[in-house]
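K.L.:
Listed below are the residues making up each chain.
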Amino acid sequence: MSPVKKATRHVNQNEGLIFEKSSAGKAAWKLPPLDVPEVDTAELLGEAERADLGHMPEVSEIEIIRHFTRLSTWNYAIDLGMYPLGSCTMKYNPRVNEAVSRFDGLANGHPYQPERISQGALRILKTLTECLLEITGMHAITLQPAAGAHGELTGILLLRAYLQKQGNPRKKILIPDSAHGTNPATAAMAGYAVENLKSNSVGMVDVAALAAQMNEDVAALMLTNPNTLGVFEQEIHKIADILHDKGGLLYMDGANMNALVGKVRPGDFGVDVMHLNLHKTFSTPHGGGGPGSGPVACKDFLEPFLPVPVIVTKADGTLGFDYNRPQSIGRVRAFYGNFGMHVRALAYIMANGPDGLRQTTEDAVLNANYIRKGLEGVYELPYKTPTMHEVVFSDRVQAKKGVRTGDLAKRLIDYGFHPYTVSFPLIVPGAMMIEPTESESKEELDLFVDAMKSIAEECEKAPDVVLEAPHSTRVSRLDEVAAARKPVLRWKPGP
Amino acid sequence: MRYLPKSPADRETMLRAIGARSIDDLFAPIPAEYRLQREMRLPQQMSEPEILEWFQKCSRENGKGLPSFLGAGAYHHYRPVLIDTIISRGEFLTAYTPYQAEISQGTLQSIFEFQTMICELTGMEVANASMYDGSTAAAEAAMMAMRVSGRRRVLIARSVHPEYREVLATYGQHQDMPLATVGFGDDGRVKMTELERALSDDCACLVVQSPNFFGTIEDVPALAELARSKGALLVVAISEAVSLGIVRPPAEADIVAMEAQSFGVPLGFGGPYAGVIATREKYVRQMPGRLVGETRDKHGKRGYVLTLATREQHIRREKATSNICTNQALIALMANVFMTVYGREGLKELARQNLAKTAYASQHFGRHGKVLFAGAPRFNEFVLQTAEDPYVVNSRLLEENIVGGFPLKKFYPELGNAALWCCTETTTRASIDAVGAVLARAQTKGKRRPEPEPEVVR
Numbered sequence: 040m041s042p043v044k045k046a047t048r049h050v051n052q053n054e055g056l057i058f059e060k061s062s063a064g065k066a067a068w069k070l071p072p073l074d075v076p077e078v079d080t081a082e083l084l085g086e087a088e089r090a091d092l093g094h095m096p097e098v099s100e101i102e103i104i105r106h107f108t109r110l111s112t113w114n115y116a117i118d119l120g121m122y123p124l125g126s127c128t129m130k131y132n133p134r135v136n137e138a139v140s141r142f143d144g145l146a147n148g149h150p151y152q153p154e155r156i157s158q159g160a161l162r163i164l165k166t167l168t169e170c171l172l173e174i175t176g177m178h179a180i181t182l183q184p185a186a187g188a189h190g191e192l193t194g195i196l197l198l199r200a201y202l203q204k205q206g207n208p209r210k211k212i213l214i215p216d217s218a219h220g221t222n223p224a225t226a227a228m229a230g231y232a233v234e235n236l237k238s239n240s241v242g243m244v245d246v247a248a249l250a251a252q253m254n255e256d257v258a259a260l261m262l263t264n265p266n267t268l269g270v271f272e273q274e275i276h277k278i279a280d281i282l283h284d285k286g287g288l289l290y291m292d293g294a295n296m297n298a299l300v301g302k303v304r305p306g307d308f309g310v311d312v313m314h315l316n317l318h319k320t321f322s323t324p325h326g327g328g329g330p331g332s333g334p335v336a337c338k339d340f341l342e343p344f345l346p347v348p349v350i351v352t353k354a355d356g357t358l359g360f361d362y363n364r365p366q367s368i369g370r371v372r373a374f375y376g377n378f379g380m381h382v383r384a385l386a387y388i389m390a391n392g393p394d395g396l397r398q399t400t401e402d403a404v405l406n407a408n409y410i411r412k413g414l415e416g417v418y419e420l421p422y423k424t425p426t427m428h429e430v431v432f433s434d435r436v437q438a439k440k441g442v443r444t445g446d447l448a449k450r451l452i453d454y455g456f457h458p459y460t461v462s463f464p465l466i467v468p469g470a471m472m473i474e475p476t477e478s479e480s481k482e483e484l485d486l487f488v489d490a491m492k493s494i495a496e497e498c499e500k501a502p503d504v505v506l507e508a509p510h511s512t513r514v515s516r517l518d519e520v521a522a523a524r525k526p527v528l529r530w531k532p533g534p
Numbered sequence: 021m022r023y024l025p026k027s028p029a030d031r032e033t034m035l036r037a038i039g040a041r042s043i044d045d046l047f048a049p050i051p052a053e054y055r056l057q058r059e060m061r062l063p064q065q066m067s068e069p070e071i072l073e074w075f076q077k078c079s080r081e082n083g084k085g086l087p088s089f090l091g092a093g094a095y096h097h098y099r100p101v102l103i104d105t106i107i108s109r110g111e112f113l114t115a116y117t118p119y120q121a122e123i124s125q126g127t128l129q130s131i132f133e134f135q136t137m138i139c140e141l142t143g144m145e146v147a148n149a150s151m152y153d154g155s156t157a158a159a160e161a162a163m164m165a166m167r168v169s170g171r172r173r174v175l176i177a178r179s180v181h182p183e184y185r186e187v188l189a190t191y192g193q194h195q196d197m198p199l200a201t202v203g204f205g206d207d208g209r210v211k212m213t214e215l216e217r218a219l220s221d222d223c224a225c226l227v228v229q230s231p232n233f234f235g236t237i238e239d240v241p242a243l244a245e246l247a248r249s250k251g252a253l254l255v256v257a258i259s260e261a262v263s264l265g266i267v268r269p270p271a272e273a274d275i276v277a278m279e280a281q282s283f284g285v286p287l288g289f290g291g292p293y294a295g296v297i298a299t300r301e302k303y304v305r306q307m308p309g310r311l312v313g314e315t316r317d318k319h320g321k322r323g324y325v326l327t328l329a330t331r332e333q334h335i336r337r338e339k340a341t342s343n344i345c346t347n348q349a350l351i352a353l354m355a356n357v358f359m360t361v362y363g364r365e366g367l368k369e370l371a372r373q374n375l376a377k378t379a380y381a382s383q384h385f386g387r388h389g390k391v392l393f394a395g396a397p398r399f400n401e402f403v404l405q406t407a408e409d410p411y412v413v414n415s416r417l418l419e420e421n422i423v424g425g426f427p428l429k430k431f432y433p434e435l436g437n438a439a440l441w442c443c444t445e446t447t448t449r450a451s452i453d454a455v456g457a458v459l460a461r462a463q464t465k466g467k468r469r470p471e472p473e474p475e476v477v478r
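The listed protein sequences correspond, in order, to chains Y and G.
Residue numbering for the first sequence follows our numbering, starting at 40 and increasing by one per position.
Residue numbering for the second sequence follows our numbering, starting at 21 and increasing by one per position.
Some clues are possibly wrong.
Claimed, not checked - Only some residues are given here: those of chain Y computed to face chain G with a beta carbon under 10 angstroms:
1. His49
2. Val50
3. Ala146
4. Gln158
5. His276
6. Gly328
7. Thr352
8. Ala354
9. Gly356
10. Thr399
Treat the hints as calculated values from the structure; they're not laboratory data.
In this text, a Cβ means the ideal position worked out from N, Cα and C, and glycines have one as well.
Only chain Y is shown next, with the shape it has when bound in the complex:
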């Protein structure tokens, strides 16, 4: 009997590129008749007129629906099952969020329409900022950044502007070796050198090392808390003190905020500035890689530097935008950010309420610990420190049979699951980073634990099955080396 319980193979349709279906004269569009006089485009545009549109496709409506529907069936998705990607927080995306974001006035509101007829959108932005400030315990916030990394850049620019005003922007940012790649990349974009900070034997910031490395050249520490091992930095107060004593700031990467909501607030444990990922903690859909939204919350002393504009209540009680902010770092994006994501995040907060959000956090942590318990002893647990919302195992045991974390991940696909995060964090060789989120039922978690155990057994008895996985997908082990060596980045018509 197959050890695979969650999935069954099933016919799915083949489909070529849309260009391969195109032929002249097919169309999926029809415009209403023009109600103004026709124009002579050559006369209006002269040399600026375009000759033709090259190889743009010509296809009918049914072909388009089938094309994209077929493509869609080749994807895994949260709607199909558990997505245990560590640090990515693949939780359920409530559909009421989608419904409200499509309401006419919100979907079709122009960013430059007069404030008098924008009160609805402004109320949404204002209400969301109030909720996020209460959740984080911070004092001020901008919703403008379009994603987490964009929020990081905004946050570091804020603290840089503040330090600059004190007379010295300083030279470097400290970043733990367990951090996401966006942290060092962000520091570089903000004009800072990056200095690595080693983790200690239990996977936390080495406080003694931090004290030794901290000096007047250090602008800030970028800390993810809980960190990427799923471990809460227990000495967070000491960390903040060490930074603050030398005039540095504490930046918190809020990627893992879903482990804290309703239980503890970064503003209460010494964080000066942080970003949130609305597409993680607050349930806006990942959409195959975006859009996200990365609001940045800060303490009062950083407020004057926030990007323009900020939302204000005017003398007559209506809401508006304030652009007159002489100390602002400037804009980080046109208009006001990914408003559609703000709408969705607020709908999520309203559906949950304070008790629902707290329960959500508790269930996320419960789920991660349940998986940890279920797989302990089957896979090596390099850090025994208590787990919050995610747990990191390693492939050390299975590697002895030549099976690595990437192989185990590919085999998980055959079992009907999306793989966990592979080879991250970098401090764990052969890392398997698992974050179930609160969205998984006990049944789904049991299936996952069962699948992982079964794969571990396969590593002992028939490692080739794992090494050659996946066996049940349309394509298997695509040649990434060839793709990068001779990149083919677009379709071209045949000879």
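Keeping the supplied structure of chain Y fixed, place chain G upon it in accordance with the hints.
P.N.:
Chain G only, in chain Y's frame:
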């Protein structure tokens, strides 16, 4: 809580399995002194109908359904029904970034098609999977030009969207990037004599927009030639993508930084939109953002993967081409469906209608004011100078339930009482005529009427 799939008994069973007495045991690692001892002060749990009602009210208070002549970087085009049908499929909506190629071929192939169509439309050789929006794409394009050229100075035309210029200034402030602007002439295009003086041997790039912020189409071949003569790259930003249906593509550019919002993305009060960077093949390794490439699997079957990841932050960390991670994938899919629906002929016809409506409106409004920059071709926007302050004009129009053009005073005080007007295929002749009538009244009787209070100042 209705999103949580557990019964109290499930939770008890799981806690017992873990060996915890209560859920509090699992939060013990958080020092007690910091733990929140109260419930958060947030709205109480709301049912679905209550949530719908709350947002419906917001929607009603947000200019619902008024005909609008606003463009200025965000355009109201018709969105084919297919777009929401397709992006609402859970397999697209709720999928993660396609790192696991075997179970992400749908997303990957659609991005490959998106990249191809962007290349076809812009005249570039490669395009990425998306950036946050047009403004950040333009800023990242300038930084990319600095890496390619090894130079630091950036010139940007004043006729580029003012908010794009602000974003570039923010991004460049700690990049050792001296930033200078070049003005526009009487035809609304980049002033060539000024550009010639400003272009120096240390210029990394010239950033222009076409159609520019005034709707005027720049002479891209001439700009490219001049930039190249000084060894600078030409970055062309495009904020109105539908223009590509009828306007010559900026094929002479080195980098195109585009906003794809016009391709089927709702106005949405400013976002989410989707930026794109397209360029020449030889610069691809300096490009920011994700790229999808074609390859073969172990059985020789065609498939798609994320590629050239050594440019990106998760591999290169502080040496990456950008810190961008999450992009705007689902919005790029909207644009992809839009481009597929209209295709080779439809996009041209769509652009023609935009051109015709705008020609009609500018002719009509020109009788009651002065249309500036008439000496160069334009697409679907034009600048109208009126005797009255445009905020006052807009207040009059709002009384008639019409949203007028974008007042330019804040960004271009030298243009006086000027506003930027936009027509798309959705603008009706009736609404254009209605604006004409209000402008005519303002012109003839305006002085005798008591002036309404000017609308908000921004």
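K.L.:
Minimum Cβ distance from histidine 276 of chain Y to chain G below 10 angstroms?
P.N.:
holds, 7 angstroms
K.L.:
With a cut-off of 10 angstroms, does the beta carbon of glycine 356 of chain Y approach a beta carbon of chain G closely enough for the hint to hold?
P.N.:
Violated, because the Cβ-Cβ distance from glycine 356 of chain Y to chain G comes to roughly 14 angstroms (cut-off 10 angstroms).
K.L.:
Please verify that hint: alanine 146 of chain Y, Cβ, nearest Cβ of chain G, below 10 angstroms or not.
P.N.:
With a closest approach of 4 angstroms, the alanine 146 of chain Y hint holds.
K.L.:
If you take the shortest Cβ to Cβ gap from valine 50 of chain Y to chain G, is it below 10 angstroms?
P.N.:
Interface hint status for valine 50 of chain Y: violated (16 angstroms vs cutoff 10 angstroms).
K.L.:
Is the hint on threonine 352 of chain Y kept, meaning its closest Cβ partner in chain G is under 10 angstroms away?
P.N.:
At 14 angstroms from the nearest chain G Cβ, threonine 352 of chain Y fails the 10 angstroms test, so the hint is violated.
K.L.:
Is the shortest C-beta separation between glycine 328 of chain Y and chain G less than 10 angstroms?
P.N.:
holds, 3 angstroms
K.L.:
Taking the least C-beta to C-beta distance, is alanine 354 of chain Y closer than 10 angstroms to chain G?
P.N.:
Check failed: Cβ of alanine 354 of chain Y comes no nearer than 12 angstroms to chain G, outside 10 angstroms.
K.L.:
Does the interface hint hold: is glutamine 158 of chain Y within less than 10 angstroms of chain G, judged Cβ to Cβ?
P.N.:
holds, 5 angstroms
K.L.:
Hint histidine 49 of chain Y vs chain G: min CB-CB distance below 10 angstroms?
P.N.:
Histidine 49 of chain Y check fails; min Cβ-Cβ to chain G is 14 angstroms, beyond 10 angstroms.
K.L.:
Checking hints one by one. Is threonine 399 of chain Y an interface residue toward chain G, by the C-beta closer than 10 angstroms rule?
P.N.:
holds, 7 angstroms
When held up to the earlier numbered hints, the structure conflicts with 1, 2, 7, 8, 9 and fits the remainder.
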